[in-house]
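J.: These protein sequences, in sequence, are chains S and V. For reference, each letter of the first sequence is one residue, going 11 to 313 in this note's numbering. For reference, each letter of the second sequence is one residue, going -9 to 404 in this note's numbering.
Just so you know, the hints here were simulated from the structure itself, not pulled from any lab data. Note that the structure is predicted; figures quoted are calculated from it, not measured. Glycine included, every Cβ here is placed at the ideal spot set by N, Cα and C. Honestly, I wouldn't trust all of these hints.
Not everything, but these chain S residues come out facing chain V in the computed CB check (under 10 Å) [said to hold, decoys possible]:
1. V61
2. P94
3. D100
4. Q101
5. Y104
6. R281
7. Y282
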Amino acid sequence: MILKLLDIHKTFGEKEVLQGISLTAQSGRAFGLLGRNGAGKTTSIRILMDVFPPDSGSVQIDGQPIDYKKVQIGYLPEERGLYPKKPIVDQLIYFAVLKGMRKKDAAAAVDSWLDRLGMTEYRNRRLDTLSKGNQQKIQLITALAHDPHIVILDEPFSGLDPVNAMLLKDVVKEQIERGKIVLFSSHQMHYIEEFCDDIAILRKGKVALAGGLHDIKRNYVRDRLIVRTETPEPIRQDLKDRCMDMPDGGLMIQLADPGEKREMMRLLTERYELDEVKVFEPSLNDIFVQYAGDTEEKGGKNA
Amino acid sequence: MKQFGSILNFELKYYFKNKVFVGVTVFLVLLIAAVMFFPQISKAFRSDEETPGESKQPVMLVKAGEDQQADTVRGAFAAAFPDYDVQSTDADTKAIEEQITEEKAACAFVITSPTACSYYVHSLSMYDTNAETARGVLQNLYQMDALTDSGMSEQEAGALLHTEAECTVVSLGKDQMQNYFYTYIMILALYMVILLYGQMVATNVATEKSSRAMELLITSARPTSMMFGKVIASCLAGLLQLAVVFGSAFLFYNINQSYWEDSAIVQSLFNIPAGLLIYMLIFFVLGFFIYASLYGAIGSTASKVEDINTSVMPLTFLFVIGLVVVIYSISSGDVDNTVMTVCSYVPFTSPIAMFARIAMSSTVAWYEIAISIGILAGSVAGIGVLAAKIYRVGVLLYGTTPRLGSILKAVWRA
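With the rest of the complex left out, here is chain S (with noise of 0.2 Å):
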């Protein structure tokens, strides 16, 4: 299955918050929405799940428009909230049922869910007595338990112990490989890095990167090189400004353009004493300062 946006623009008031926006996701990968707050993720999401139209542009699965009556959507909102005083199984027992589940099959699902999740002793508790990670828990049983075909994490991590991380690492990288479209938006970066296949940058409602994470990086223009050395002192003196200090004690070169690369390292392995040179790949959050920030400059020319 494939789900697209295309050419998503949508204004509110004056505010022109996506000025088309086109992304692809596929069945069984995750995919990264990325952008700084008000970039438009959350405009994108709740169009993409039918809250509100867009004014242009279409959202299609496998190149049909998207018919919202077969094609089930999963949503763990960034701003979490149920009822408070409400029994827990009861709520999401009628959120399951909203989602167009019989009665008996949400009760069933909602059951298998808390005890996968280890929340079987609250069933009848009301949410407000919980923890916050353990309301967070429950959150995540009413973007699951209907078994959608999209699952859209907004946040999914924030909040959570070291453990209920671990555990929902485990839930989402099932959801992968059960063949589902998993929407992420975050921005901790490392949990990008770890799921995520492909990524979308956006910034002020266009997309500012788009593509697999793995050729973005790859695609990077490879001008840096990356040297540990526990003498940096004679590096620093010969090669003067091409030379900057990393903040984990390694030492970025700057060559004159990607051909120089074989030279510079055969050159550093002669001269120097060095435990490492290697091209300098960007991670994730180089990649997002870059290109969500504020600075027009793209480094990226070949993105």
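Keeping the supplied structure of chain S fixed, place chain V upon it in accordance with the hints.
T.: Frame of chain S, contents of chain V only:
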């Protein structure tokens, strides 16, 4: 449709599991039970007290005038004051005063001339009508004396004095006196239920928003299903509460009917014509819909539950003004004045205004009722659609409560 059913079911459950809702209903039923059973209970207590003998009755001393037969006077007073142990006395005023201050007697009448007497009592209670009754007794005695003196026999004189003229009232239109009380009560019930449940709908929506359950709800259900599910659920809950309260009142009244035969007001309350009940149902449902959907829409524009009170104020004012006009008009008896006539067509006031006119006016024509209900039903549809649109836009707005103008603009665009 299935979704709407689930929402309705969920919201109804909210009312039935809500302790305040159940508590208020039970309290009202108990209160009505207490009122309706009161005469029976109090009578049971009184008959218990009376068994030890009649000596418990308070003593009333009567000092006859100089020309009067002490026995005749005592007999006349005893007949007029069945709750007192009436005793004759010929003690002087000072001794009588002493007996009262020492609480040997509750009160005393000293007849100073055939047409004047003094009433002595320890402390005069607010509802003490003894002096009034004694005046009648004295007047009667005097007239009897005068009649017998002029040669009439005592029986003839007695019969003459006790003659009562009768005047039967035949009302060809409505009996305003009788209709007044139940109209008043039904209008108040309509007013309270609409206001109370309307506020509940608004609070309910605002709570969903502030707890952020809305984030999930809007992606799970259509806003129109959500809003109408809530409005209809609260309408049903309100109707049910009214039915339980009025139903139990009717039941308790029938159990205790014999004890209430003397009270015209209570009798009239429970003799509401069935047609009027049907009108009440129609106006309740339609009026409720208009207000509850508007309350729901207002609730959707507030981000915090605390904002609700100020946001709903204009709507509440509108309804209160309608209530004041109606209550004033039915109290004055002129239910067909111009303001009332206008109010009975304006959808925000017609549920109570038209209902009051149907109940109390003789001149309201069937087509007036039909037009009023027609306008109301049309407005229900129109306002329902508008409220659903506001709701759709409102539930996604967070931050400060937006101005009405900007909401309507957003609705227009949506």
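J.: Are the hints correct? Go through all of them and say.
T.: Each hint tested on the structure:
1. With a least beta-carbon distance of about 5 Å to chain V, the hint placing S/V61 at the interface is held under the 10 Å criterion.
2. With a cut of 10 Å, the hint placing S/P94 at the interface with chain V holds, because the nearest CB-to-CB distance is about 6 Å.
3. Given hint, S/D100 at the interface with chain V, holds; its Cβ is 8 Å from that chain's nearest Cβ, closer than 10 Å.
4. A cut of 10 Å between beta carbons decides the hint on S/Q101: the least distance to chain V is about 8 Å, and the hint holds.
5. Against a cut-off of 10 Å between C-beta atoms, the interface hint on S/Y104 holds, since the closest Cβ of chain V lies about 5 Å away.
6. Look at S/R281: its Cβ only gets to about 59 Å from chain V, farther than 10 Å, so that hint breaks.
7. The closest approach between the C-beta of S/Y282 and any C-beta of chain V is roughly 56 Å, which is over the 10 Å cut-off, so the hint fails.
Checked against the numbered hints listed earlier, the structure breaks hints 6 and 7; every other hint is satisfied.
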